[in-house]
Each structure stands twice: as structure tokens, then as C-alpha cells.
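Asker: Since the structure of chain A is provided, determine the placement of chains B and C on it from the hints.
Protein chains in written order, with this note's numbering: chain A, 1 to 491; chain B, 1 to 198; chain C, 1 to 214.
These are computed hints drawn from the structure, not numbers from a lab. Just so you know, these numbers come straight off a predicted model, no measurement behind them. Hints are not guaranteed to be accurate.
For lysine to aspartate or glutamate, the following DMTMM-like pairs were computed, each having C-alpha atoms within a straight-line distance of at most 25 Å [as the list claims (entries may be wrong)]: (1) B:Lys76 - B:Glu58; (2) B:Lys177 - C:Glu39; (3) A:Lys440 - B:Asp70; (4) B:Lys76 - B:Glu166; (5) A:Lys440 - A:Glu347; (6) B:Lys177 - B:Asp188; (7) C:Lys171 - B:Asp106; (8) B:Lys177 - C:Glu43; (9) B:Lys76 - A:Glu305; (10) A:Lys440 - A:Asp346; (11) B:Lys177 - B:Glu121; (12) C:Lys81 - B:Glu121; (13) B:Lys117 - B:Asp106; (14) B:Lys117 - C:Glu43; (15) B:Lys62 - B:Glu166; (16) B:Lys180 - C:Glu43.
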Amino acid sequence: MVLKVAIAKAFQGEDRLRISLRSALSLAAPLAVAFSLSAPEKAAALPSFARQTGQTCSTCHTAYLQLTPFGRLFKLNGYISGGGGPYGASGAQDALFDPPLPIAFLWQAGYTNYNRGLDAPTGNYSVPSPNGGFSGQNNYVDLAQQASIFYGGKVYGNLGMFAQLTYANDRARVFGLDNLDIRYTGQFTAGNIDVLWGITANNNPTVQDVWNTVPAWQAPFLDTPFAFGPAAGTMLDSLASPSLAVGTGAYVFINNTYYAEMAAYGSLTPTMQTKLGSPSPPDPAFTIDGLAPYYRLAFAPVWGEHAFEIGTYGMFANILPDRTFGVGTNKMADVAFDSQYQWLTDEHAVTLRANYIFERQSLDATTLINGGGNGVNYLRNFRLSGEYVYNHMYSFTATYWQLTGSSDAVLYANNINYSPNSAGWVFDVAYLPFMRGGPKIWPWLNTRLGVAYSLFNRLDGGATNIDPINCPNCRNAKDNNTLFVYAWTMW
Amino acid sequence: MNRFALHLAALAITLASTGPLLAEDDLPIRNCTFCHGVSGQGFMVAPRIAGQRPQYIENQLKSFMAQVRDNPYARKYMHNASANLTPNLVTGFAQYFASQAPRPADDGDKNLLATGKDIFENGIPSQNVVACVVCHGPSAEGVRQIPRLGGLSYLYVKRQLDQWNEGYRQAAHPMPKVAKFLSPGEIDALASYLSYVE
Amino acid sequence: MGTTGFKLGVRSAAFALALCGMSHAADRGKGPVSRQSIESKIEYCLICHGTSGQGFRGYYTMPRLAGQQPQYIENQLHAFKEGRRLNPIMQNVVTGISPGMIQPLAEYLRSLNAAPHGGGPTEGAGLGKRIFEVGLPDANIPACAVCHGPDARGTRQIPRLAGQLYWYVTKTLTNFSRERGQRGEDSSGIMAPVARNLSPAQISAVAAYVSSLR
Chain A
1 MVLKVAIAKA FQGEDRLRIS LRSALSLAAP LAVAFSLSAP EKAAALPSFA RQTGQTCSTC
61 HTAYLQLTPF GRLFKLNGYI SGGGGPYGAS GAQDALFDPP LPIAFLWQAG YTNYNRGLDA
121 PTGNYSVPSP NGGFSGQNNY VDLAQQASIF YGGKVYGNLG MFAQLTYAND RARVFGLDNL
181 DIRYTGQFTA GNIDVLWGIT ANNNPTVQDV WNTVPAWQAP FLDTPFAFGP AAGTMLDSLA
241 SPSLAVGTGA YVFINNTYYA EMAAYGSLTP TMQTKLGSPS PPDPAFTIDG LAPYYRLAFA
301 PVWGEHAFEI GTYGMFANIL PDRTFGVGTN KMADVAFDSQ YQWLTDEHAV TLRANYIFER
361 QSLDATTLIN GGGNGVNYLR NFRLSGEYVY NHMYSFTATY WQLTGSSDAV LYANNINYSP
421 NSAGWVFDVA YLPFMRGGPK IWPWLNTRLG VAYSLFNRLD GGATNIDPIN CPNCRNAKDN
481 NTLFVYAWTM W
Chain B
1 MNRFALHLAA LAITLASTGP LLAEDDLPIR NCTFCHGVSG QGFMVAPRIA GQRPQYIENQ
61 LKSFMAQVRD NPYARKYMHN ASANLTPNLV TGFAQYFASQ APRPADDGDK NLLATGKDIF
121 ENGIPSQNVV ACVVCHGPSA EGVRQIPRLG GLSYLYVKRQ LDQWNEGYRQ AAHPMPKVAK
181 FLSPGEIDAL ASYLSYVE
Chain C
1 MGTTGFKLGV RSAAFALALC GMSHAADRGK GPVSRQSIES KIEYCLICHG TSGQGFRGYY
61 TMPRLAGQQP QYIENQLHAF KEGRRLNPIM QNVVTGISPG MIQPLAEYLR SLNAAPHGGG
121 PTEGAGLGKR IFEVGLPDAN IPACAVCHGP DARGTRQIPR LAGQLYWYVT KTLTNFSRER
181 GQRGEDSSGI MAPVARNLSP AQISAVAAYV SSLR
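Just chain A, with the same shape it has in the complex (with noise of 0.2 Å):
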């Protein structure tokens, strides 16, 4: 009923960019296609959960986005959960909000410098985005990246929310939804078995997981708008994008330790799309034909201050691939396993993640509208990731990920060797002065400054001459290693 009621039957929607299959229909599309300008934007550790709850920051995120144990369990327990206002122990006397509203914002700004510039050495390369105003040489600050709304806490009773409007430069500059997560919630004790179950209506898929390896909060956290990342990339990773598909699912958190979801997901309209604020015309690149199922099974045991997960999630659609009827689907499977174990004290917070998604194409609609390429492609996306936090301040992070699959003539044509192989490193040292309560006058600011610097081992295919269309010999997967100097502030 509910799954009926939450997802239209066939939504049909378009999208936006980063994408595969799309690359592969216009073979003379410039680099810009390759800017991930769809990652993700995230954001947490939200001021208004810190005034519903009383805590600080510290208590859900080691350094945000990552969750802590107890972070998991507030999402799980859908956002409701309280005892703050007015307001915890360090918390400034503000009788204006009784109780405390479930509003906050989000300010990012950033600095980003290219090991090469784009117009080198040729200058024939398009600017990455008609509205960054990237400078044609390797510099840009953007000083207002993303700015956000949030609508983040206890709706009434056990139902909870946590919306996210966000003006972006990268999103078209338009104002629109960015992640959405409702839930309701509810608990029970029979015998020896506890179970905290909910059901949630999100608009991207692992939008609601509660690990930090999914794609939609896996690191790097934050990142460039005009970040470079390969041309391919999985369904997976790339439906973890606000509203590019929606759906609803239930699950159940056994015992704090075994947790087992289902969804469903499905595209919207691309009317529905723009209206929602996508980036005009939406990406169409994986619509979804009908409604496509989606787990998530994990085994997360805790002891003492030590957290481990171990897991699976997938999905399973049909596409149509970039909204084109009468050709037939590509079927889509995806099957991910991740793991992530936590050391948590009052001052060292290490977290290791891992995330592997396994990704089969069957690709009868794409090679019918190419009129060639592979039948049957298969990518893999592994990546592994390392945090350490000092004194909820200092925050390092290594990251390493690799893409692999299949070479396709047809599909990958603008790649070396026509293959997506791409791996690099994304390297994070942040300073986060107030995990443990903002300053008196306002207690709920939060602040994290960071540097970012992104390198790149092979892009597109190999590590020398990644874009033999366009640029025969004069581009190397390093030339696009990135620095990215951010603000990301949060009240």
C-alpha cells in the first residue's frame, strides 16, 4: 500500500550528467562531461538536530558528515529523538524558539586550482560549467558553492524529516530540493529480540543508509564543484543524486546489530524534475523503466567503543537509457558489499570504510540505439577510505578508489583504449573548531575548513593521453589532479 501510494507506476524523468551511457551518444561531447557536477551534495551534523537532542555535534559525527554509532541510531530512530531544547548544558537561554526549530542552514565556499589548466596547452577545452565562471586558466573561488536549507528533526510524534533546499552554482543556480529523507518510526521489545523498524520516503537511493560508505555519504565529503571523475560510473553512484529517482522502503535494526531493508525506486517525470529544482534539462541518463528494487542487509556489531559493519545493498532496474522509448531496457544489477569499523574515545576517532559495487549491463537498449558496443558490460567501483580525528578537531583522510570494466568500442569511444578504468586518491585535512558546542552567543555553529587534494593515477582509461579525441597527446590523467580549499559552515 504504502510503496503503492509513495511511487508513481513509470515515472518518467530526465537527469543530469556524469554519466555513462550518455557519453556514448555524443562522441563529440566536450569534458565538461566528465565533471562530476552531480556529486552529491551532502550535508549533516545538523545545528537543529544538536538543539532537538541537547548534545553536541560530537555525539553523531567524528568529524561531519561521518556518523558515530549513536548518530546511526538517531537516523534510524527517524529524527525524532529529543531531549535538548531549551536548551543542553552548554546551550545559550533562547526563549525565542520553545521548542527549538527544526531549521538550519549551510554555507560552503571554496578555492580550486588545477594541476593544469584546462586551456593547456591547446586551449581548445570548453570551460567546465556555463555558470561557474571558470576563469579558462586553473584557478577558481567560488564563494558561495552551495548554500542550503534544512528542515532537520521531529515533524510530530514518531514522524520525522530531513530536507535539504539548496542553491548551488553547480546546480544551474537554481533553488531546489537537494536530499530528502522522511521516516516514521517505532519500537518494540518481544522476548530477547529488540527491534527498531521504520519506513522512509527518500529521493535518492542510500540517501537513507546510515554507513558511510554508501555513495550518497561516502567520502570525500565535500568536494569541487568542477571536481574531474570519470566518464563511467555506476548506476548506483550515479542515482545518489537528489531526485534523479525516488522511492520508498521499510526496514528493520535488530538487536542494535543486524538491520535489513527493501525499497523501491522509480524516475520522476522531467516536468517534475525542474520543478523540483534539477538542472534544466534533467539528466535522462538512467531512467528508470517502472519500479526497480532495492536491499540492504548489513551485520553491525558494537562493543565497548568499537563499531563494525559489514553489509550488501543493490539494486536491480530497468533503464531506459536516457529516456528512449520503443528500443526496449538495459538491465541493470547492482550488487555492493561494504564494510566500515569504528574506534571511538573521548579524543582518537578512527573510521574505516570499504565499498565495493559490482555492476552487470545488459545493454540491449543501448546497443540498439548505437547500433553497436558490447552486449554485456560489466563495472566494478571499489573504494577504500581511512579517517582519523583528533579531539573531534583535526580531521585526515585518505580515500582510494578505483573504477574497472569492460572495454567498449561504442560505449567508451572517447576513452583510451576504450576503457573506463580510472583510480586516484582524494587526500582530506580538515579543522572542525567546534564539534563540541559553537561559541556562547550561538552554540549550534558549526565550521569545517579543509584542504582536498585529489589525484588522479589513470582517468578514463589509462594514466598518459586520456583524451584522444579531443586533445591527441596533451592530456594526462595527473593533469587533472585537483586542490580544493574549502569553507563549509553550518548554523
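Answerer: For chains B and C alone, kept in the frame of chain A given last:
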């Protein structure tokens, strides 16, 4: 947009019909359970509170509120969590969690069971270690304001005993003096034993 | 301030005395007992019997030792040691008390002057006072005061009852033979029949009365 609104409305109606939206409006236990676990069996460093003596729970909540209980995790989590408790909530939470059936953590070192049991029941008179049983009872079930220890997690009990020796929770008479005479190995044994007590 | 100072003075003096006793004990060839080990043992005793020896109510009730007659304490410790008085906890405890410690411990405990623990019921204290002072001749119960003294502070081997915990007194008087059951050398010959003749209400009354005495 109309269609979307329609779906939302339908969803809301469905949710409303699945059960009361306000399931626990009188006692917001999920303010507690998002750290202590669904039935308060403990989670991470948050100790089990299920089956704890209600008077003990009340006393602890009050000492968090007054910021008297000063061990690091109490300061980090509980001072904030308790800051706005009303007397009714204190009593309500205490009664509610005391009534939940406790389950043992079973996370100690099994090789230390015999040693731990011996210390618990007999103390170590030659080292001035008192027998825990005289206050906490034969099954470590506690009484009145004296807490139930049986089945608490090894790590929690060990941390408390260690922290008394590090100078925290000095107001919790007589435990600082009890812990003072315990060696690290004996603390290990006691905490291990207690984690298995039903 | 003055009072506290005075109390402290008395206590230190008593402690000094106790240590003299200790050295006497050492002289008697029971092996040397260091000042530090006596201090630790006192700390150990008071963990259970209350910071100032006023008694403590845990799962079991630990009796008040403050102001107790040293001779009584010594007798009991010996009784535990020799298995005449049966109590698993205390029989264990005395294995850690060397003979040389007993006298200084007893002296120290006598010097303590804690306020009564309190907390027990007070109903029947009037009846308790009457039983304590004049007894119940009809029931063949002598006045407690005859042996325990008019102020219930005891003398020599006869224990102080003043300020003793209500629960401890009731427990001891209920089924005295099993609670104490010492053979021969102690006063059970007197106390066992007296306790047997007391009704539960009368026991409670006596306990309520003596537990309130300073």
C-alpha cells in the same frame, strides 16, 4: 507538482492509518534509546540501563544534572542529555527502564570467571578488597540506590573501576575506596565475571 | 570549627593510643604491624561499616562500629576467627586481620563518634524505651539497660547498642541463636532466651528506640 502533492497526501494518510502518530507522547523514551539501545540494553559506551534499580537511575540522572558525576563520557553525553529533565521525567525514565528485563552482556574473558566470582563473593581480605556481594547482593542485582551490576558490559564496569582510580566520580562513596585496593588484573576478573551474571 | 577541631584532636589521640597498642601487640611477639597497614585496614573496615563507622545498609546491613566497646570487638573478631560465630563475610574478613591489628582497630573504632545512621522506622520507639529501661516482667524480659547501660553504650564485653542500625538489631534479635549461636564463652546464654521471648513488634520497638540513641 499536483501529482507529487497528491502522492505525499496519500502517503501521509497511509502512515496515519498504520498506527497512532504519537506512540509515546507521555514519556519520550527515544530520547534515551538512541544511545542506550531500543530496550536500554546498552550500546557502545552507553551502559545498559534496563533492569537497573530505579533509585539508582534517579540518583545518577540528578548527579548528571548537577554535573557532579564527572567521568569523561558523563560530561560528554549525559550532562547535556539531562540538562532539561523535569522531576516527572526523571521518575518516569527510572521506572520505565527499571521495568525492562535486563540481558547479560556476556563480553568478558571467560578464563577469569572463577577469579572474578571469588573476588565478588569473598573479597581479598589480605589486600583489603571488600566483598562486592555485601552491598550488591548475591546475584549482583543491587538494591535500593545500589546498582545492579550483573550482566553489565565488561568494558563499562572496567572503565568505572579504572576511573575511580583516575580520580573521577569521587562522590560515589564508597566506590573510590573499594577500587583503590583492586589491581588491574582483579578489575579485569571482576568485570569479566559480572558480564556473565544473569 | 571548634567542635570539629576538638573531635579531630580526640580522634588523633585515640589513633596514637591505638598505635601504642599496636606496638604492644608487636611486643607480644605477634609480628610487626606497620602503621600504614593499620591505616589501610581501618579504611577497609569503614568501606563497609560507614565512613565514620556509623554502619551502612547495602544488600546486607553492616552494623555500626563507631563507639563500640573494644573488648566486644576483640571478642567478636576472635569468635569469627575461631569459627564460634558464623558469618561467611566476616569469617573471610578476619583472615586478613593479624592478631596484632585487633587491638588498635578496636581502639580506633571506639574513638569514632558518628551520629546515628537513622533511616529506619520510628514507630514503637516509646514501647522500645520502656522495654529497654524496665523490661517486660510479665514476659520474662529483663530491662536491657541493666547490662547495656542506661545510655545503651555497653561496657567491656557487653556491646554498645546506641545508634545501632534498626535493621541490624531486628535481624540479630530475630532468631538470635542462629544469628549468633556462639557456644560457651559469650552471652548467648542470656540473650537467646530473652530474644525468643520478644514478639516481632517488640523487637521492632526496641530496635527503633536504640537506633535513635546517640
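Asker: Each hint needs a verdict: does it hold in this structure or not?
Answerer: Structure-based check of each hint:
1. B:Lys76 - B:Glu58: This hinted pair holds, its Cα atoms lying about 19 Å apart.
2. B:Lys177 - C:Glu39: Roughly 13 Å separates the two Cα atoms, so the pair holds.
3. A:Lys440 - B:Asp70: 22 Å, holds
4. B:Lys76 - B:Glu166: 17 Å, holds
5. A:Lys440 - A:Glu347: The given pair, whose Cα atoms are some 23 Å apart, holds under the 25 Å limit.
6. B:Lys177 - B:Asp188: OK: Lys177 (chain B) and Asp188 (chain B) at ~17 Å, within 25 Å.
7. C:Lys171 - B:Asp106: Status violated; Cα separation ~36 Å.
8. B:Lys177 - C:Glu43: Distance ~8 Å between Lys177 (chain B) and Glu43 (chain C) Cα, so the pair holds.
9. B:Lys76 - A:Glu305: With a Cα-Cα distance of about 14 Å, the restraint between Lys76 (chain B) and Glu305 (chain A) holds, given a limit of 25 Å.
10. A:Lys440 - A:Asp346: Within the cut-off at roughly 22 Å; holds.
11. B:Lys177 - B:Glu121: Within the cut-off at roughly 18 Å; holds.
12. C:Lys81 - B:Glu121: Within the cut-off at roughly 18 Å; holds.
13. B:Lys117 - B:Asp106: 14 Å, holds
14. B:Lys117 - C:Glu43: 23 Å, holds
15. B:Lys62 - B:Glu166: Given pair Lys62 (chain B), Glu166 (chain B) holds - Cα atoms ~23 Å apart, limit 25 Å.
16. B:Lys180 - C:Glu43: 11 Å, holds
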